[in-house]
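Asks: Produce the complete structure using the sequences and hints provided.
Single-letter residue listing:
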Amino acid sequence: MKDNGKQLMNDTRKISRGMVFRVIGGLCLAIFLLSFPHIFTSNYLRNLAILTCMWAIGGQAWNVLSGYGSRYSMGHAIFFGLGAYSSAVLFTKYGISPWIGMIIGMLVSSSISVIVGFPTFKLTPAYYGMATLGFTFTLQAVFLNWRWVGDSRGVFMPLLRKSSILDFQFANNKTQYYYIVLFLLVLSYLLVYKVSKSKLGFYIRAMKEDELAAQSLGVDVMKNLQIVGIISASLASVAGTFYAQYMLYVDPMSVYNSITSNNFILSATLGGIATIAGPLIGAIIFIPTGELIRGWIGGSGKAFDQMLWGFVIILIAIYRPSGILGWFKEHAKFFSGISKWMKEPIVRSNHDNSRM
Amino acid sequence: MMLLELKSIRVQYSEIIALHEVSLHINEGELVAVIGSNGAGKSTMLRAICGINRLSSGEIWFDGKKISSMKAFKTVEMGISHVPEGRRLFPRMTVYENLTLGAWTKRKDTIYIQQQIEKVYHLFPILKERASQKAETLSGGQAQQCAIGRALMCSPRMIMFDEPSLGVQPNIVARIFENIQQINQQGITVLLVEQNVKRALDLADRAYVLQTGNIVLEGTGTELMKSVMVQKAYLGI
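First to last, the sequence lines map onto chains A and B.
Yeah, the first sequence ends on 356 if you go by this note's numbering, and it's all consecutive.
Yeah, the second sequence ends on 593 if you go by this note's numbering, and it's all consecutive.
Treat the hints as calculated values from the structure; they're not laboratory data.
Keep in mind the model is a prediction, meaning the values are calculated, not measured.
Note that the Cβ used here is the ideal one computed from N, Cα and C, for glycine as well.
Be aware that a few hints might be false.
What the hints assert, rightly or not - Now the in silico label distances, taken between C-beta atoms and shown as ranges:
#1 A/I115 <-> B/T576: 48 to 58 Å
#2 B/Q489 <-> A/F118: 34 to 44 Å
#3 B/Q489 <-> A/Y319: 43 to 53 Å
#4 B/G523 <-> A/E330: 25 to 35 Å
As the list claims (entries may be wrong) - Straight-line C-alpha distance at most 25 Å; calculated DSS-like pairs for lysine-lysine:
#5 B/K490 <-> A/K197
#6 A/K199 <-> B/K430
#7 B/K430 <-> B/K484
#8 B/K427 <-> B/K464
Stated by the list, open to error - So the derived list for chain A, only partly shown, Cβ under 10 Å to chain B, looks like this:
#9 V195
#10 K199
#11 F202
#12 Y203
#13 M222
#14 K223
Replies: Structure (structure tokens):
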């Protein structure tokens, strides 16, 4: 590992074409994302961008446990819902700032993840999926009948009619919401990137390859799964809190729902599981398309987009389990010419002179 | 000195009993073979020792400590290393990464890992050539060497081989057994489970015969080789 690190350090001393492109491309992307709400002034497009970012955070949350890790969760709606309810209930009942509610939501989701994890992480991946799916509907039933959190009526958040960052409410337009969700998105993706490059990520990868072998080498499977579960649940909970503050309304049927979990699964699987950019790419494709289809068919064909996405999941599972980014990787030969050209250094540092 | 002792252990897969009442012991520095046909319970026994399978009764002692209720990651810390049946490498990770994972118990000590990897490369030079290659591209013999190397990474006191000759081409098998002997000569206790009875008995100081979950015979390698039962059942003489 140390050697690899040294090699990497040597590589960074050279400035290659790829790095120049990456820096320029990154800057362009950053400028585009930051100026998005000023370029597109229609609230409909802003709404689409916000929803896309929100589901992309959730997709990344799912990706941590089920893409990098080895347990296919079908119930990430649990943590999404807990995040949404935590901040909403605390704000309406006690006037606690949703930002604190977000942190409390993360803690609640993490502890539920640990409690659920102890019996269910022992199951094989498919049964784990069923268990979490079942647990989603258990929570739905609990929240439907729990008077303190507003039972089946849900929680309506008071409209303040003024913008306040502390209260997480913005009147008139959606720009502030966009910047907040973008900030959360970048933060969560950086976190997952760090985790995937860490030793934890390395062990998780090994456990996904062959859990029994990892176990017999002394890797503590349960502990590592629990840590990953906590990270995953916290991220989903953040997305949930944002959802509650953005919609200003939470009810059990809309959050503790398999559609919520499916949105996570779809954005990650469509883009490419176990990749950093995958969930974002998946969300960029499927959230706006879903909205368009819903607007286009509307009325009686309400659930058509869901049917279509079910069909898409089947197609991905059969023909391209690695998603869109996986397609790029599989056709690496085609792109290798480009990447070779990109890697060529344009400026050499003193360190390389000895080799030349 | 007795390093490992199984005191009449019993392992069940729900209703089905895989090991009835197995007792055996291994002294420090010995090379002990356990032979038996398919379904005799050999792999179950190894997995029970390293803590993957739970016991329904009996005890396992290692180095004066009871390990029968320990989790798998604890037994590795105690110094028991396992080369599982069919190698069980991590196919889409490189050889280097596979080896690094073997040193999980000493994961904080990067210098140690580096030294240990050099030792493994010294024992199996081919692994150095293939270091950055994905494990799924290795041949049967190379994969077996990689698995053995991985098991050596945690500098174990005892190493358990589960059918190391399985899926390895015949002219490499001899070399694998030589490697096992080398490892034993370095002072590491070896527990070898094999279906290749002749080679295993040639190599072993002592051996046990396991049949449908029971130890039916015990003795030195040469003794067992001469036993009528072994000759009839396993050597086909």
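Asks: Take the hints in turn and mark each one as holding or not.
Replies: Now for the hints, and whether the structure bears them out:
The hinted range of 48 to 58 Å is satisfied by A/I115 and B/T576, whose Cβ atoms lie roughly 54 Å apart. At roughly 38 Å, the beta carbons of B/Q489 and A/F118 sit within the given window of 34 to 44 Å. Hint check: B/Q489 to A/Y319, Cβ distance near 28 Å, so the stated range 43 to 53 Å is violated. Take B/G523 and A/E330: their Cβ atoms lie about 28 Å apart, and the range 25 to 35 Å holds.
Between the alpha carbons of B/K490 and A/K197 the distance comes to roughly 18 Å, so the proposed pair stays at or under 25 Å and holds. Of the pairs offered as hints, the one joining A/K199 and B/K430 holds, with about 19 Å between alpha carbons and a cut-off of 25 Å not exceeded. Between B/K430 and B/K484 the CA atoms are separated by roughly 30 Å; this puts the pair beyond 25 Å, and the hint is violated. A C-alpha spacing of about 21 Å is found between B/K427 and B/K464, which places the hinted pair at or below 25 Å, so the restraint holds.
The interface hint given for A/V195 is violated, since its Cβ lies 16 Å from the closest Cβ of chain B, which is over the 10 Å cut-off. Against a cut-off of 10 Å between C-beta atoms, the interface hint on A/K199 holds, since the closest Cβ of chain B lies about 7 Å away. Interface hint at A/F202: satisfied, since its Cβ lies 7 Å from the closest Cβ of chain B, which is below the 10 Å cut-off. Hint on A/Y203 holds. Least Cβ distance to chain B is approximately 7 Å, under the 10 Å limit.
Proximity of A/M222 to chain B holds as hinted, the smallest CB-CB distance being about 8 Å (cut-off 10 Å). Satisfaction of the interface hint for A/K223 is found here, the shortest Cβ-Cβ separation to chain B being roughly 8 Å, below the 10 Å cut-off.
Violated hints for the displayed structure, listed by number in ascending order: 3, 7 and 9.
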